[in-house]
Amino acid sequence: MSECEKDLEVLRETFKSGKTREESWRRSQLKNLLRLLEEKEDDIFKALKQDLGKHQVEAYRDEIGTLVKSVNYALDGLKQWMSSKKAKLPIAAFPSSAELVPEPLGLVLIISSWNFPFGVSLEPLIGAIAAGNVMVLKPSELAPACSSVLAKTIPTYLDSKAIKVIEGDYSVGQKLLQQKWDKIFFTGSTKVAQIVMAAAAKHLTPVTLELGGKCPAIIDSLSSSWDKNVQMIKFAIPKMFGENPKESHSMSRIVNKTHFLRIKNLLDEPMVKASIIYGGSTDEDNLYIEPTLLLDPPVQAAIMTEEIFGPLLPILTMDNIEDSIEFINAKPKPLAIYAFTKDEELRRKIISRTSSGSVVFNDTIIQYAADTLPFGGVGQSGFGRYHGKFSFDTFSHEKVVVRRSFLTDIWFRYPPWNDHKLQLFRVGFRYDYLSIVLITLGLKKA
Amino acid sequence: MNGVHEDMLGEVRTTFRSGRTRGVAWRKAQLQALLKLLTEKEDEIFEALKQDVGKHPVEAYRDEVGVARKSATLALRCFEKWMAPQKGRIPLVFFPARGAVVSEPLGVVLIFASWNFPISLALDPMIGAISAGNAVVLKPSELAPKCSSFLANTIPLYMDPEAIRVVEGGKVVAEQLLQLKWDKIFFTGSPQVGRIIMSAAAKHLTPVTLELGGKCPAIFDTLSNSSDLQVAVKRIAGGKWGTCNGQACIGIDYVLVERQFASVLIELLKKFTKKFYGENLKTLENLSRIVNKHHFDRVHNLLKDPKVAASVVYGGSVDEENMVIEPTILLNPPLDTDIMTEEIFGPLLPIITLNNIEESIQFINSREKPLAIYAFTKNDSLKEKILQETSSGSLTFNDAVIQFICDTLPFGGVGQSGLGRYHGKFSFDTFSHEKAVLHRSFLIELEPRYPPWNNFKMEFVRLAYNYDYIGLVLLLLGLRGIFRTNRRQ
Chain G
1 MSECEKDLEV
11 LRETFKSGKT
21 REESWRRSQL
31 KNLLRLLEEK
41 EDDIFKALKQ
51 DLGKHQVEAY
61 RDEIGTLVKS
71 VNYALDGLKQ
81 WMSSKKAKLP
91 IAAFPSSAEL
101 VPEPLGLVLI
111 ISSWNFPFGV
121 SLEPLIGAIA
131 AGNVMVLKPS
141 ELAPACSSVL
151 AKTIPTYLDS
161 KAIKVIEGDY
171 SVGQKLLQQK
181 WDKIFFTGST
191 KVAQIVMAAA
201 AKHLTPVTLE
211 LGGKCPAIID
221 SLSSSWDKNV
231 QMIKFAIPKM
241 FGENPKESHS
251 MSRIVNKTHF
261 LRIKNLLDEP
271 MVKASIIYGG
281 STDEDNLYIE
291 PTLLLDPPVQ
301 AAIMTEEIFG
311 PLLPILTMDN
321 IEDSIEFINA
331 KPKPLAIYAF
341 TKDEELRRKI
351 ISRTSSGSVV
361 FNDTIIQYAA
371 DTLPFGGVGQ
381 SGFGRYHGKF
391 SFDTFSHEKV
401 VVRRSFLTDI
411 WFRYPPWNDH
421 KLQLFRVGFR
431 YDYLSIVLIT
441 LGLKKA
Chain X
1 MNGVHEDMLG
11 EVRTTFRSGR
21 TRGVAWRKAQ
31 LQALLKLLTE
41 KEDEIFEALK
51 QDVGKHPVEA
61 YRDEVGVARK
71 SATLALRCFE
81 KWMAPQKGRI
91 PLVFFPARGA
101 VVSEPLGVVL
111 IFASWNFPIS
121 LALDPMIGAI
131 SAGNAVVLKP
141 SELAPKCSSF
151 LANTIPLYMD
161 PEAIRVVEGG
171 KVVAEQLLQL
181 KWDKIFFTGS
191 PQVGRIIMSA
201 AAKHLTPVTL
211 ELGGKCPAIF
221 DTLSNSSDLQ
231 VAVKRIAGGK
241 WGTCNGQACI
251 GIDYVLVERQ
261 FASVLIELLK
271 KFTKKFYGEN
281 LKTLENLSRI
291 VNKHHFDRVH
301 NLLKDPKVAA
311 SVVYGGSVDE
321 ENMVIEPTIL
331 LNPPLDTDIM
341 TEEIFGPLLP
351 IITLNNIEES
361 IQFINSREKP
371 LAIYAFTKND
381 SLKEKILQET
391 SSGSLTFNDA
401 VIQFICDTLP
411 FGGVGQSGLG
421 RYHGKFSFDT
431 FSHEKAVLHR
441 SFLIELEPRY
451 PPWNNFKMEF
461 VRLAYNYDYI
471 GLVLLLLGLR
481 GIFRTNRRQ
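Those protein sequence lines, which keep their order, are chains G and X.
For the first sequence, position 52 (counting from the first letter as 1) is numbered 52 according to the working numbering, and the numbering increases by one without interruption.
For the second sequence, position 22 (counting from the first letter as 1) is numbered 22 according to the working numbering, and the numbering increases by one without interruption.
Note that these hints are calculated values from the structure, not bench results.
Hints should not be assumed to be uniformly reliable.
As the list claims (entries may be wrong) - With beta-carbon atoms standing in for the labels, derived distance ranges: (1) Glu9(G) - Arg98(X): 46 to 54 angstroms; (2) Ile277(G) - Pro452(X): 17 to 25 angstroms; (3) Lys86(G) - Glu42(X): 34 to 42 angstroms; (4) Asn292(X) - Val299(G): 49 to 57 angstroms; (5) Glu279(X) - His420(G): 37 to 45 angstroms; (6) Glu342(X) - Gln178(G): 37 to 45 angstroms; (7) Lys191(G) - Tyr469(X): 42 to 50 angstroms; (8) Phe456(X) - Ala236(G): 34 to 42 angstroms; (9) Gln362(X) - Ser160(G): 24 to 32 angstroms; (10) Tyr469(X) - Ile233(G): 29 to 37 angstroms; (11) Glu3(G) - Phe456(X): 43 to 51 angstroms.
Keep in mind it's a predicted model, so treat the numbers as computed, not measured.
Positions of the beta carbon are idealized from the N, C-alpha and C atoms, including for glycine.
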């Protein structure tokens, strides 16, 4: 048995023992996770700075802070989430009762991406723990310092017989995907998602895929003219990131050379280059690309057909802002649509005529932090969802439990069959109790 | 050939894009039309079911027509309520903000129905898809050809043919359909085919619901009360042979019982089996037929192993010409034989004895998670143990199969018995995307969200994530140093 398989055996044994189902275990893991986030904060900041050049405040705002919030939310909600929910049954079922009982799925695999290496690793982990599972976390090798911090700290804070971090690259990922999991949670690109889902299909493993896409922002004219809006964006960039953003430390770095070149190539198409109205400079040695604005690059260019995942912001002009709906619908469904408008009618149209994971009016990104809203995609942006209780649900199976009594037995459920019984079924399905009684007493013919 | 399907899908997609299927009026009209179909064509449905699987009209009504009617009626009554956005409470720190979750249709969905309940397993998911505002392509099972042809011919007469299509055919057609891009695939059938479906869906990242099967066990505890015993055994007999003669995903596959109680169980089973289904091979009645030669041979072969044949305690006779196998009870066939490793999906009922009824839990857990577990017992602590220590789509105490009928209960498997669920509102949800909608205002802007960064902003963000509103106010007033509150543990 390989090392990997041995590790999984240990996890499965732990799950079988029932330990992870106890509320006390789940609570202690979550509390320890909170301690990890607090005590290892500096290590986390250092790793994020190293891998992505993230400033501490951005790191806190986007990763540590959201995790702290999520753990606290899970601790608050855990008891209620774990409890069974009564289900209503029709009177004909009396005196039966039924309930929905959440149970853990078992052994879960979490594969995370490199852009929010802590956030996107630990957020699903919180849900998997809260739901009582055992798990393997495979962080992205493209953020090696972060992967290493996770691999070192998690075993010292969390139950290493139930929660394991396995580091490595594509080949390790492949090996893991060949195993039999009770659930796979994946954050990343559509290309890799196809590989993950195909591997999951071999074992009929349910998956949640948190993907991406080209998330558009629709900017209605609001009170000022369009030119003024563009001016304001140009003004905001140096205000936030300084006159020389490279020196500001307020902007993350491009993660590696491959992505740097990928993004640079998007700019190198001649018609695209010609459309740059701000920024555009690149520094390969420092993996730095300036915040760049483009005005009406050609819609067939790669920059407009592929997910940019970088600091280039194409601005597309429309004759009529409502044309943006058709524009968006011609492309795969994105993870989020942002729309800046005060026009109620336009808002209604956007909600009902487009499809996306989420829609946010007059802000961006912030939906990520709202625990009461499900976070997930649709179409090419993914399926399944998490955050808040949705995380708990995504790692649970809601088992139906029906308790029946021997006291009452619907006598017409058994053969031999006759017309009488057929009539009783007809009215039975309509919950027409009076007719059931009358027909049974021979006082009514259906 | 695939060009034909592609064109068909293109047309249906165009219909969906027009927005027609999203309207309340359209959904209502389709559901009403379906009810009309079920009323006016009932006799044809009974006839088709009789021909394809030999179902008696009462069984056909109970398990197919009645089920579809009930689902359509419920959907008609409730779909507008289901469509309504749900408000989401947004934390104060986002103020002013409004959050909601809005259900929207996925688009064009592909539904594969299986042959054992060829009408209800086609229409029930379709009802969910329509109430959620989708366009539908239905592929009925070719192993129930009369029903398939009934659906293909009748649905276009009642329902919107530009949005709801029926495509007939076998494996080849199914494979062609699977090459195309769907917004959702709903499949009822075997785990082997489930894998093929999910692999094909992976190419387009299409979400799937797989309603599969497995070996659904019945745990039979010792019951001392005579009338309880009678009711329990009746329910087991009904749960085995009463639904499509054992060919049901939630049908009882085998029974676990304590050794000393086995003979009581077997004697009573014989009594009720004779009463419900006839004395012997020649006088069988009220039983569906084995669907075709392939399955007849498959089930017959399960009996051919000499050790298995030796364990037959009732029945076992077979009429090859008419493809009939009588209700058969076996006592302790060897656990490594096919009858105990594969889903039987036929009228053979193995009874496995244990020293202690609690061993049934380990027995079940050493096998794949089934779609349903049935436990006949009045022992509350045994019930609790089974509940906590086993996993299955559903767990029913003291009855079998009836959980299927109840619309307030989600119907679906776990592990090898499937993923996803439906029935009632769960059907609506399974064919919907719940979109999060957040409305923010320009009124209040939290500058600390943006760079350039400094310690003040760092402190602000820390407090915000802890929902430490007092701390935030103090920070903004510059008083934070005075009343430092600890970060929440």
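To see whether the hints hold, each was checked on the structure:
1. Glu9(G) - Arg98(X): 46 to 54 angstroms: Given about 49 angstroms between the Cβ atoms, the range holds.
2. Ile277(G) - Pro452(X): 17 to 25 angstroms: holds, 24 angstroms
3. Lys86(G) - Glu42(X): 34 to 42 angstroms: The hint (34 to 42 angstroms, Cβ to Cβ) holds, given that Lys86(G) and Glu42(X) are roughly 35 angstroms apart.
4. Asn292(X) - Val299(G): 49 to 57 angstroms: Roughly 54 angstroms apart at Cβ, these two residues keep to the hinted range, so it holds.
5. Glu279(X) - His420(G): 37 to 45 angstroms: Violated: the Cβ-Cβ distance is about 23 angstroms, outside 37 to 45 angstroms.
6. Glu342(X) - Gln178(G): 37 to 45 angstroms: violated, 24 angstroms
7. Lys191(G) - Tyr469(X): 42 to 50 angstroms: holds, 44 angstroms
8. Phe456(X) - Ala236(G): 34 to 42 angstroms: Distance hint for Phe456(X), Ala236(G) is violated at roughly 20 angstroms.
9. Gln362(X) - Ser160(G): 24 to 32 angstroms: holds, 27 angstroms
10. Tyr469(X) - Ile233(G): 29 to 37 angstroms: Roughly 32 angstroms apart at Cβ, these two residues keep to the hinted range, so it holds.
11. Glu3(G) - Phe456(X): 43 to 51 angstroms: holds, 48 angstroms
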